[in-house]
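Visitor: Once you have looked at the hints, place chain D on chain U.
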Amino acid sequence: MSEEKEPVLGEPGEHPLSVFLFSWMRTPLFKIVVTWSLVVIGAALIGLEMLLAFRPIKDVTYAPGFQGVFGFVAFAFAVLSGWPLGKMLRRPEGYYDKRSGEAGRDD
Amino acid sequence: MTIERLADLLANTNPGFFILAAALLLPFARDVASRAILMVGGPLVALIALISAEGLSINLQTVQFLGLELVLYRPDSLSFVFGLAFIIASALVGVYSLHRRDALQDSTAMLYAGAAITAVFVGDLISLFIAWELTAIASVFQILAPRGPESVRAAVRYLVFQIGSGMLVLAGICMYVAATGDTQFALIAPSQAGLPVGVMDINAPGAVLILAGFGIKAAFPMVHNWLQDSYPRASETGAVVLSAFTTKLAVYALARYFAGLEWLIWIGAVMTVFPVFFAVIENDLRKVLAYSLNNQVGFMVCAVGIGTQLAVNGAAAHAFAHIMYKALLFMSMGAVLYRTGTTKASELGGLHRTMPWTTLFCLIGAASISALPLFSGFVAKSMVMSASHADPALFVVWIALLFASAGVLEHSGIKIPYFCFFSHDSGKRPQEAPFNMLLAMGAAAALCILVGLSPGWLYQFLPYQEAAMEYLATDLWTAGHVLQQFQLLVFAALAFMLLQWRRWYPAEKPGLIIDVEWFWRRGWPVMARAVGKRVGKAGRVVSGAIGAVGGSAQLAARQVFGPEGWVAANVPLSATAVLSLAILGVVLAFSLFA
Chain U
59 MSEEKEPVLG EPGEHPLSVF LFSWMRTPLF KIVVTWSLVV IGAALIGLEM LLAFRPIKDV
119 TYAPGFQGVF GFVAFAFAVL SGWPLGKMLR RPEGYYDKRS GEAGRDD
Chain D
6 MTIERLADLL ANTNPGFFIL AAALLLPFAR DVASRAILMV GGPLVALIAL ISAEGLSINL
66 QTVQFLGLEL VLYRPDSLSF VFGLAFIIAS ALVGVYSLHR RDALQDSTAM LYAGAAITAV
126 FVGDLISLFI AWELTAIASV FQILAPRGPE SVRAAVRYLV FQIGSGMLVL AGICMYVAAT
186 GDTQFALIAP SQAGLPVGVM DINAPGAVLI LAGFGIKAAF PMVHNWLQDS YPRASETGAV
246 VLSAFTTKLA VYALARYFAG LEWLIWIGAV MTVFPVFFAV IENDLRKVLA YSLNNQVGFM
306 VCAVGIGTQL AVNGAAAHAF AHIMYKALLF MSMGAVLYRT GTTKASELGG LHRTMPWTTL
366 FCLIGAASIS ALPLFSGFVA KSMVMSASHA DPALFVVWIA LLFASAGVLE HSGIKIPYFC
426 FFSHDSGKRP QEAPFNMLLA MGAAAALCIL VGLSPGWLYQ FLPYQEAAME YLATDLWTAG
486 HVLQQFQLLV FAALAFMLLQ WRRWYPAEKP GLIIDVEWFW RRGWPVMARA VGKRVGKAGR
546 VVSGAIGAVG GSAQLAARQV FGPEGWVAAN VPLSATAVLS LAILGVVLAF SLFA
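So the sequence lines, in the order shown, correspond to chains U and D. Per this note's numbering, the first sequence starts with residue 59, numbered consecutively. Per this note's numbering, the second sequence starts with residue 6, numbered consecutively.
A portion of the hints provided could be inaccurate.
The calculated DSS-like cross-link candidates involving lysine-lysine, where the alpha carbons are at most 27 Å apart (straight line), are [claimed, not checked]:
id: 1; chain 1: U; residue 1: Lys89; chain 2: D; residue 2: Lys433
id: 2; chain 1: D; residue 1: Lys514; chain 2: D; residue 2: Lys433
id: 3; chain 1: U; residue 1: Lys89; chain 2: D; residue 2: Lys538
id: 4; chain 1: U; residue 1: Lys145; chain 2: D; residue 2: Lys542
Keep in mind that the hints were calculated from the coordinates and are not lab data.
If we strip away everything but chain U, and leave its shape as in the complex, we get (with noise of 0.2 Å):
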């Protein structure tokens, strides 16, 4: 008689409150999902601006849906310029355990 093997959801050892809150960002669907759904709820938060919050349009900030662009294009920026200042400003671990006495020597 073979014993069936049940479903075991998480993994071995995992705590029972991560496999119940977290274990399902662990599918492979998950980054589409959620970001599926953010654009989702975007589109609908600027709708709800325009339906619920209206304002006149004195200047571009007043334009409905500004803050949604302005936070993408801020992180964005502030992300990507990661890149260049990595590159600028990253140095080995331990670069100022060096004394005194070897400033300057940077390679």
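Guide: Leaving out everything else, chain D in the frame of chain U:
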């Protein structure tokens, strides 16, 4: 002692003194129970004292010192909210530290908290300076706690900045008091609606020095690096303690003395923006939080600079909320450090599997700091944003704050929890944090949610209660306000997903990010050597020309002050110390009474 006398003592004593007393008793506490009683009981008694204060905006405890009246206890609506936040934070730190047996660290942490609480409730500049210095000295032990050579070096650098701040404040106070004779803020100048905030004129003698001293402690741009240098080197509990008090005490002092000073608007705006870029590339998550702290204090400094009732309320509310959620985030990273030995993003990931409670609390802290509606950051930061938006002349500042808000989501809202608890699986399966740590994190998380869901609870303690309640009734929950904040966060989160998907998000790499500290840690020795060579050359030329005169003066000086000169001969160390103190005392007395 009768009940009446006890009640009288509680109602008329600076709450910080009760925590200082607990700190002095802590080294004698041998078991967990007595430590718990002191570490949580001290703040509890302080809270009772604060609630039962005999009145606001009156001197409740004074003492005569060198002919000056020192006001040891003068609570008002500005100090109340800062004091309340500090007392709650000290209780949280007490609970969070219970797993550890380190009498020195426990005691100095309480001393530090007590000094900070004392500082916000004193009513004069001299008492403020004394408490200010005590915070500097007590806090350095939190950085020394890991007891490694790195910590010692960082502690020395930290001390240089903190003592430097104290010296500037002292020099400024001496000049100010000598010129005006005023030490009590309530007597310097009344301010908005009878509440003494922004009482000091920047053109008054010594005011710029006092501002500079406050600025160092608030980690103004270019003098901010002591924060990123020291906090990540503190123990898992030390960083929590440090995050709660130092910079927020500076914000309180700025509000009390310099609210409405336009310089602060721009300094604050710069403070909110530049840390965003450093936080993106930083690998050590506690250092990311240190940059985030800079960014958040920038919002408060900016609000203090705007100086309207709404803005001062915003600064105070933001300080309160920030103390809670930043402590929560530092606590969660502290728990990770305690269990894994690291907070480097490149070495972490996937910890949610075995540390789900810590993950959950960290996510609540992240939601709060990101100003997600229904969490504490939203109800606090909104006032600062509204205050800056209300003035068309501050459009650039408002845009800077908006950018910084998206930046906060990046570094504290997403990067901290994502790279630590999710992201790639590091293979680490640490145990969940100790119960006392979870309890402290749970309490801080509950406060973040409570303030977010019921902002009236916090608003009732703000400096201008009527203005706060009006804002709550008419502005905070308007559809436009809430929807726009959601938009900012949702679209920023969408940017994160897309950047991750396209692999455009910079990978977390081991390494050290250089900042302005480079100038004194590497640049200074290089410059000193270069300057030294030239000075040496110049010296030889000069000494050739005036060799005879110089030589004689040098010889005479050597005979008097040299190691074998008569000044050094047979003078015991204690006498030298006493002489130094006497000289300092004479200078201080001269400055104060001239």
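Visitor: Next, verify each hint and record whether it holds.
Guide: Cross-check of the supplied hints:
no., hint, verdict
1, U:Lys89 x D:Lys433, "23 Å, holds"
2, D:Lys514 x D:Lys433, "18 Å, holds"
3, U:Lys89 x D:Lys538, "60 Å, violated"
4, U:Lys145 x D:Lys542, "39 Å, violated"
Against the hints set out earlier in the document, violations occur for numbers 3, 4.
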